[in-house]
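Residue numbers (our numbering), protein chains in the order written: chain A, 5 to 333; chain B, 5 to 333; chain C, 5 to 333; chain D, 5 to 333.
By construction, these hints were calculated from the structure, which means they are not laboratory data.
Among these hints, one or two may not hold up.
Said to hold, decoys possible - Which stretches of chain D does chain C cover? Using the computed rule of at least three CB atoms under 8 Å from a CB of chain C, they are:
hint	segment
1	35-48
2	269-282
Unchecked claim - Below, a list of computed lysine-lysine pairs in the DSBU-like style, where the Cα atoms sit at most 30 Å apart:
hint	chain 1	residue 1	chain 2	residue 2
3	C	K21	C	K251
4	C	K150	B	K329
5	D	K99	D	K251
6	D	K150	A	K329
7	A	K251	A	K21
8	D	K251	D	K100
9	A	K329	A	K21
10	C	K251	C	K100
11	C	K329	B	K150
12	A	K99	A	K21
13	A	K150	D	K329
14	A	K21	A	K100
None of these values were measured; they are calculated from a predicted model.
Positions of the beta carbon are idealized from the N, C-alpha and C atoms, including for glycine.
There are 4 protein chains.
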Amino acid sequence: MSDWLERSYMARLGVAKGREGRRHQLDRERQGAFHYVYGPYAEPVLTIDPGDIVVAETEDAFGGAIRSERDLPSAVLNMPFVNPQCGPIRIEGAKKGDVVAVRILDIEPRGPQPVGTTALIPEFGGLVATPVTAMLNRPLPERVKKMAVTREGVVFNERITLPYEPFIGTLGVSPEIEAISSLTPDYYGGNMDLPDMGPGAIAYFPVQHEGAFLYVGDCHGTQGDGELCGVAVEIPSTTTLHVDLIKGWPIHWPRLENERFIMSIGSARPMEDAARIAYRDLVRWLVADYGFEESEAYFLLTQAGRVRLGNMVDPKYTLGASLLKAYLE
Amino acid sequence: MSDWLERSYMARLGVAKGREGRRHQLDRERQGAFHYVYGPYAEPVLTIDPGDIVVAETEDAFGGAIRSERDLPSAVLNMPFVNPQCGPIRIEGAKKGDVVAVRILDIEPRGPQPVGTTALIPEFGGLVATPVTAMLNRPLPERVKKMAVTREGVVFNERITLPYEPFIGTLGVSPEIEAISSLTPDYYGGNMDLPDMGPGAIAYFPVQHEGAFLYVGDCHGTQGDGELCGVAVEIPSTTTLHVDLIKGWPIHWPRLENERFIMSIGSARPMEDAARIAYRDLVRWLVADYGFEESEAYFLLTQAGRVRLGNMVDPKYTLGASLLKAYLE
Amino acid sequence: MSDWLERSYMARLGVAKGREGRRHQLDRERQGAFHYVYGPYAEPVLTIDPGDIVVAETEDAFGGAIRSERDLPSAVLNMPFVNPQCGPIRIEGAKKGDVVAVRILDIEPRGPQPVGTTALIPEFGGLVATPVTAMLNRPLPERVKKMAVTREGVVFNERITLPYEPFIGTLGVSPEIEAISSLTPDYYGGNMDLPDMGPGAIAYFPVQHEGAFLYVGDCHGTQGDGELCGVAVEIPSTTTLHVDLIKGWPIHWPRLENERFIMSIGSARPMEDAARIAYRDLVRWLVADYGFEESEAYFLLTQAGRVRLGNMVDPKYTLGASLLKAYLE
Amino acid sequence: MSDWLERSYMARLGVAKGREGRRHQLDRERQGAFHYVYGPYAEPVLTIDPGDIVVAETEDAFGGAIRSERDLPSAVLNMPFVNPQCGPIRIEGAKKGDVVAVRILDIEPRGPQPVGTTALIPEFGGLVATPVTAMLNRPLPERVKKMAVTREGVVFNERITLPYEPFIGTLGVSPEIEAISSLTPDYYGGNMDLPDMGPGAIAYFPVQHEGAFLYVGDCHGTQGDGELCGVAVEIPSTTTLHVDLIKGWPIHWPRLENERFIMSIGSARPMEDAARIAYRDLVRWLVADYGFEESEAYFLLTQAGRVRLGNMVDPKYTLGASLLKAYLE
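Just need the whole structure built from these sequences, with the hints factored in.
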């Protein structure tokens with residue numbers, strides 16, 4: 005285990021202390037029907053112990069329905085059955101008030117090339133009128149773009165190949181009594197579309213329901229800040245997660261750490277509320293765990309905080325506020 | 005049937021043509037456990053035919069837990085188990101694409117006086133920082149205020165008695181696959197907290213799920229625009245609804261009519277999006293049903309539209325946009 | 005003087021005690037060039053004493069440039085020279101910390117019929133993408149609609165005549181050092197587009213600059229809540245104002261009273277901030293002038309406050325929060 | 005001239021072709037009174053030719069009034085006279101429709117140590133209620149923190165020294181007829197508080213007024229994304245700018261380039277509108293200058309766009325959207 009992993013919250017506070025337990029294959033057969041809500045009403049497809057590893061075969065956000073650039077979203081998608089999720093995975097011993105730690109080990113594209121899909125979907129996206137930011141302007145024309153995606157890169161077009169910087173678009177635990185669309189991000193995780201949620205990161209989600217009920221899906225080969233048109237480089241994947249359980253850590257929103265920084269994640273509309281949630285949580289984190297007086301934490305983030313815009317297209321916008329660990333030692 | 009009722013959408017398009025069918029008592033015993041989400045996962049407590057009447061005994065938003073001004077919300081409430089709902093009521097024949105029409109016949113306060121409750125709840129309300137509009141300011145002190153509520157009025161204090169203008173705070177149908185907190189309003193209805201939703205109004209909700217699954221709760225003795233502190237004059241009630249079903253009316257958000265106006269209802273954040281939703285729907289309504297050309301409808305609402313702010317405190321803000329029927333004849 | 009006028013803030017606190025002084029004609033010749041900003045850098049066209057009456061000949065928001073339905077805004081308007089204002093009117097003795105009281109006595113349409121104009125202007129309006137709510141959708145087609153406007157009504161079309169309910173769209177005082185477009189509303193008044201600002205109302209504006217520098221323009225023959233497409237029934241007018249000065253009333257946003265209610269007016273984006281401003285000011289008004297304890301005022305507005313949406317189209321949205329005077333006696 | 009500078013818009017399109025002309029000292033004596041608005045009503049303190057260099061002695065945002073941690077803002081500041089600006093600098097030949105290019109050569113702290121100031125100001129900041137996001141919660145206690153700032157770093161406290169990453173908080177040109185507070189950012193620049201506006205960057209501002217009227221002030225020793233508490237590491241500075249003029253470049257919002265990326269800058273509330281402005285401008289930039297079809301530009305930014313949050317505290321929030329130049333070659 006590398007140095008920073010040993011000092012991570014997962015390793016220090018987790019029931020399994022960062023050690024790797026059994027390995028579970030969550031392939032399509034094991035999964036059976038996919039889920040389109042984050043909720044407590046589905047039967048777990050898997051029960052794991054803290055420390056276990058899950059290898060999940062995720063579908064892309066369209067459930068594979070867009071096979072070529074001629075498959076228009078309005079023709080092949082059947083709302084609200086989009087953004088299929090693997091899970092729920094029951095974590096033994098998880099109770100409300102605990103935290104699930106998810107270390108993202110790997111994300112590998114899965115399926116025939118070109119395996120990546122982006123699209124202009126009518127009334128969806130950050131620069132168009134939508135059913136909620138409702139306007140009388142006519143929608144843009146639909147369009148699908150397929151891209152080859154390998155570990156070597158995302159072939160955007162003949163001139164441009166983007167680096168392969170994969171992450172999980174939708175990840176989190178079940179609300180206590182709600183079942184929320186997998187298109188929505190919120191305090192329990194969900195469709196955050198935050199590029200930091202990739203290999204090398206550990207994400208933390210506050211458990212709301214007995215067993216936690218972890219869901220995962222919607223991997224992206226890469227994505228810009230904000231996921232501007234609403235559709236990243238959507239890929240089916242084989243995603244490997246190391247899952248642990250932290251008992252009694254009273255967090256209220258998702259958090260994340262990697263080798264370089266700690267991050268609080270907020271999701272809300274308008275966007276400033278997502279920023280307020282994230283930064284307030286980070287202030288409180290500095291106070292609770294790093295000995296800062298509140299105004300000193302507020303000052304430090306004013307001078308050294310960093311913001312990553314996850315999405316500006318989903319039912320709630322997502323934004324992560326972070327601070328370098330270098331300032332916390 | 006009065007003139008306007010005969011010409012209402014309910015009477016013209018409803019399966020029961022505005023005629024009253026059987027009467028169902030939905031008392032506490034029949035209800036059993038209350039529900040705290042609008043969703044398809046609960047068993048119906050009642051199945052009715054279009055045209056039937058339901059007499060529901062609703063709890064107040066606190067489930068009766070605040071019995072005196074000494075019962076502080078933070079001590080007696082158990083989140084997320086607030087805003088208990090009666091139902092779901094299954095409506096025979098209702099399918100996705102249909103519309104449930106709910107004529108509100110009567111709302112009567114129920115229980116020992118002073119039966120009305122308002123309160124300052126920490127981190128909740130329109131003029132305070134909340135978990136979402138997250139700030140570092142300290143919360144206001146908690147406070148509970150009880151008020152006598154009868155058909156004669158709401159006794160606010162010794163000097164001020166407000167008129168009894170009751171309405172249903174939370175009313176609507178189930179989402180298709182989501183189960184959403186009864187604190188939230190959205191396209192299916194829910195916690196709109198819109199004062200027009202009272203006796204004399206007919207509300208229309210787009211069916212998402214087979215059987216519609218109607219829920220009702222959270223009656224208010226009166227309320228100002230916006231429900232400013234987040235808690236109206238909350239009362240338990242005996243509420244009488246006349247329910248019909250309109251087949252194949254493609255509406256996307258709740259609508260309402262009464263003797264004087266037609267109204268479209270939007271719920272969203274930020275508040276301007278709620279206004280956009282409501283007004284765009286009203287434009288489209290004028291075009292679809294009243295022969296207006298789109299720009300002419302847009303012009304007419306610019307000069308004669310009216311806006312009612314329901315709530316500025318719930319997870320989504322609610323706003324109704326209306327036009328007098330006088331301009332539509 | 006009628007009863008309510010005698011008890012108005014203007015009559016009780018004004019330097020002129022509500023008495024009418026000299027009468028000033030502010031016709032086009034006297035005005036000379038119109039102004040397109042609210043600011044302290046223009047020379048006063050008139051200096052008046054508290055109590056004086058001003059009869060101003062206002063232009064419509066287009067400076068009369070749209071003479072027929074064939075005059076498209078994009079062809080005849082020259083941004084930023086729209087919404088021409090009469091003034092500034094210097095009020096003798098006015099200093100920062102004082103308040104200008106403006107009683108609106110009359111608004112009369114002026115000019116050849118059809119004298120009213122509304123229009124769809126590209127990238128402007130409440131239901132279209134704009135330069136600020138920036139989108140990639142194409143604009144709607146431009147369109148102009150002219151309407152006859154008399155004291156008898158606004159002839160919207162052959163079937164619909166709307167009541168003549170005139171008001172002043174843009175009214176207020178100069179900021180201290182800023183000069184702000186007459187298209188914008190803010191703490192000093194400006195382009196509020198609030199229908200309550202009509203005959204029978206007294207408006208109060210916090211003085212920021214020596215002499216106050218009152219501006220007025222942009223009268224409307226009628227308007228719906230929100231001024232949906234961005235252009236009300238724009239008319240040139242002869243507008244009669246009774247102006248007084250209240251020394252040392254520390255208000256921070258425009259206020260208004262009429263026979264029935266008192267109102268606080270907020271302008272901001274997003275819209276909920278306009279609502280917060282208005283309602284917070286009204287809470288503080290109840291505490292300062294009517295003996296309410298803060299939480300009691302907050303409760304009362306929760307149950308009895310009313311909201312009027314002025315505009316949802318200008319650089320800041322405007323919203324008035326009001327309470328019936330009946331509850332304040 | 006380095007490679008990227010030679011290929012910059014400034015060098016390719018500027019009147020001076022990126023060559024350096026005369027050098028002007030804009031010291032305190034030359035400046036005389038500072039300005040607190042961006043507007044056309046002040047007399048230029050300097051007239052320069054395209055290509056000239058200006059060395060400006062800027063004050064800190066408090067005009068130096070906070071000399072020690074005992075100088076509380078509410079006692080020593082005199083609103084609205086904060087954020088003093090150097091200028092206006094008249095640029096020979098600049099006309100509406102042109103663009104001013106400002107290459108930032110250097111920012112040096114100026115004055116006795118500890119020269120950096122941050123503060124908690126009542127009702128100001130990203131995590132507190134403000135006069136606009138108006139609430140009833142009580143303000144946080146005031147506090148001032150002074151920090152030594154040199155080219156070696158910003159001494160936050162005994163444990164933490166932040167890198168010296170200086171930038172200009174407030175920079176831009178005059179509006180055409182408005183005079184806007186130097187606290188506000190908008191389409192003409194102003195108080196953007198965007199950390200990318202530092203040495204190594206070239207900023208572009210659309211000229212609105214004859215002579216452009218360039219203003220500059222409000223340098224920061226460093227700042228986190230969003231300027232969370234509202235006050236960065238405020239420093240007086242000696243700032244060196246290389247100014248050129250681009251004739252007839254029809255841009256509508258500030259743009260920026262450095263060695264690595266091009267950036268469009270939007271300022272608005274709510275924050276998503278700032279993001280929409282910035283990203284739409286960047287889409288249009290790619291279409292106009294780099295041969296992209298619109299939907300292809302939209303796709304590329306979806307996958308590779310980056311967002312920098314400037315401020316979440318000023319009257320409008322500022323956000324920059326950027327794309328690596330590597331993808332544009």
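So, going through the hints one by one against the coordinates:
Beta-carbon proximity to chain C at under 8 Å applies to 4 residues in the segment 35-48 of chain D; the threshold of 3 is reached and the given coverage holds. For the segment 269-282 of chain D, the proposed coverage by chain C is satisfied: 7 residues have a C-beta within less than 8 Å of a C-beta in that chain, meeting the threshold of three. For the hint linking K21/C to K251/C, the alpha-carbon distance of about 12 Å falls within 30 Å, and the restraint holds. With a C-alpha separation of about 23 Å, the suggested pairing of K150/C with K329/B holds against the 30 Å cut-off.
The suggested pairing of K99/D with K251/D holds, with an alpha-carbon distance near 8 Å, which does not exceed 30 Å. With a CA separation close to 23 Å, the supplied pair K150/D and K329/A stays within the 30 Å bound. A distance of roughly 12 Å separates the Cα atoms of K251/A and K21/A; the hinted pair therefore holds under the 30 Å criterion. Under the criterion of a C-alpha separation no larger than 30 Å, the hint pairing K251/D with K100/D is consistent with the structure, at around 9 Å.
The suggested pairing of K329/A with K21/A holds, with an alpha-carbon distance near 20 Å, which does not exceed 30 Å. Our distance criterion of 30 Å between C-alpha atoms is met by K251/C and K100/C, whose separation comes to about 9 Å. With a C-alpha separation of about 23 Å, the suggested pair K329/C and K150/B falls inside the 30 Å cut-off, and the hint holds. Using a Cα cut-off of 30 Å, the hinted pair K99/A and K21/A holds, with the two alpha carbons roughly 18 Å apart.
This hinted pair checks out: K150/A and K329/D have alpha carbons roughly 23 Å apart, not beyond 30 Å. At roughly 20 Å between alpha-carbon atoms, K21/A and K100/A fall within 30 Å of each other, so this suggested pair holds.
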